[in-house]
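My request is simple: use the sequences and hints to build the entire structure.
2 protein chains.
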Amino acid sequence: MNSRRNFLKNSALFGSLVGLPSLLASTPARAATAGPIDLKKGAVILFQGDSITDSGRSRGRPASQPNNSDALGKGYAFLAAAALLRKYPGKDLKIFNRGISGNKIPDLAGRWEKDTVALQPDVLSILIGVNDYWHSLRSNNPYKGTLQDYENGFRDLLKRTKEKLPGTKIVLCEPFVLETGTVTKAWFPAFDEYRKAARKIAEEFGATFIPCQSVLNDVSKDIPKNYWSHDGIHLTLAGAQLMANAWVSAFK
Amino acid sequence: MNSRRNFLKNSALFGSLVGLPSLLASTPARAATAGPIDLKKGAVILFQGDSITDSGRSRGRPASQPNNSDALGKGYAFLAAAALLRKYPGKDLKIFNRGISGNKIPDLAGRWEKDTVALQPDVLSILIGVNDYWHSLRSNNPYKGTLQDYENGFRDLLKRTKEKLPGTKIVLCEPFVLETGTVTKAWFPAFDEYRKAARKIAEEFGATFIPCQSVLNDVSKDIPKNYWSHDGIHLTLAGAQLMANAWVSAFK
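So the protein lines, in turn, are chains R and G. Our numbering applies: residue 1 is where the first sequence begins, and numbers increase by one. Our numbering applies: residue 1 is where the second sequence begins, and numbers increase by one.
Quick caveat, the hints were computed from the structure, so don't treat them as lab data. Honestly, I wouldn't trust all of these hints.
Stated by the list, open to error - Derived EDC-like pairs: lysine to aspartate or glutamate, alpha-carbon spacing no greater than 16 Å straight-line:
id : chain 1 : residue 1 : chain 2 : residue 2
1  : R       : K225      : G       : D92
2  : G       : K41       : G       : D92
3  : G       : K162      : G       : E203
4  : R       : K87       : G       : D222
5  : R       : K159      : R       : E203
6  : R       : K164      : R       : D222
7  : R       : K252      : R       : D115
8  : G       : K40       : G       : D122
9  : G       : K91       : R       : D222
10 : G       : K200      : G       : E151
11 : G       : K87       : R       : D192
12 : G       : K94       : G       : D122
13 : R       : K162      : R       : D218
14 : R       : K87       : G       : D218
15 : G       : K200      : G       : D149
16 : R       : K164      : R       : D122
17 : G       : K185      : G       : D231
18 : G       : K164      : G       : D122
19 : R       : K200      : R       : D156
20 : R       : K40       : R       : D70
21 : R       : K91       : G       : D222
22 : G       : K87       : R       : D222
23 : G       : K164      : G       : D115
24 : G       : K225      : R       : D92
Here it is in structure tokens:
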């Protein structure tokens, strides 16, 4: 146990050190615990998450094809995929989306073999957490998971991932909300703890961390929150582009 | 008639002069007959065209809402809209897509009042022409329009537009194909004349011209054509992002 903890601490330190130069050079919108990701030729990139990632993507046959517009949804994953495919035309990237609306950590865990490990991604991006908090609030929802369940479950998921896919680079997107629409004052500070847990997990595993909440807070100083998210949870087209830009900035 | 022709010539000249500094400053991927477009607050932007613009957009209620992800399709119009909405959050832009698969100039003319004039766009972007040529080739298609029909019909459409919407800024996208998939050597040089006609019309009306074909030719020197278009007519996600970038570069 101790040696694992040390290994994780060292990974985190290594991640931070690698990330430092890029962090200093970056705009405030970007921060990464690991350095910018270099995409090898033929790299498989996989987006995992909940409805924000799913964003109405087609299931079935389109989903078996990489870079399929229908299978990538209409959100940040689609926009980030378009930007990467344009930016790196010689790299022969293969981009997939396996986000599913309503998912929480236990849902990802339940379909991890089929929907993540089987795709053997070179880069795995995960955005998860808002439902882990939100669903636990709803009196009519049987989900009773706690913050600790989220953190432990997330850690277990990444441990499994590191074991099964040791070479895979991991991008963790910070779960985010904006206090508008569905999201009331009552969400805070409880929700903030989920964000902190995601950042902690990113550091433990030396993952690249996309600070989505900071990016959204930043632009919400001057522009009303509902320009970026109608309901405080899902992104508008402007919000999705904002997030896609932050995501793409993690790459060399 | 003479005075109209002089007016058009003068407009074209004015457009060229205004465009000159931006043309000199721009990358080869961009050229405009008119200068960069300044977007006023609350500007309505409308994309018109055929399947390349349509790109699977939702009809009905979503289409009545500006900036609706489903109603913007999954092509260059969607990507350009996302980029503009992110870039100009304070401008309160209202972006619509009314492209319809299979459309030619006569189809646009037939629905111009309802689908263009009624929306009172501040910026009107048109991409039309590939079907005007393609459908005239097909022995089983009753369409028998010629190059001259395309040019005359396009000119009539823009005359109507200038009369009904005198303040609207017009963006003309060059019709394009790549010699791959459906598009064979037999398409040339006949198809090139349609491109030239579109450029001529843009100059006559002082419109901003997006040189899509040059942009595609440029990137196809190093990267296989089917990376940008599977069938030579419709854009892949990478191709759509390429085109969206060229389109967005027309704005201040």
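Numbers of the earlier hints that this structure fails to satisfy, in rising order:
6, 7, 11, 13 and 20
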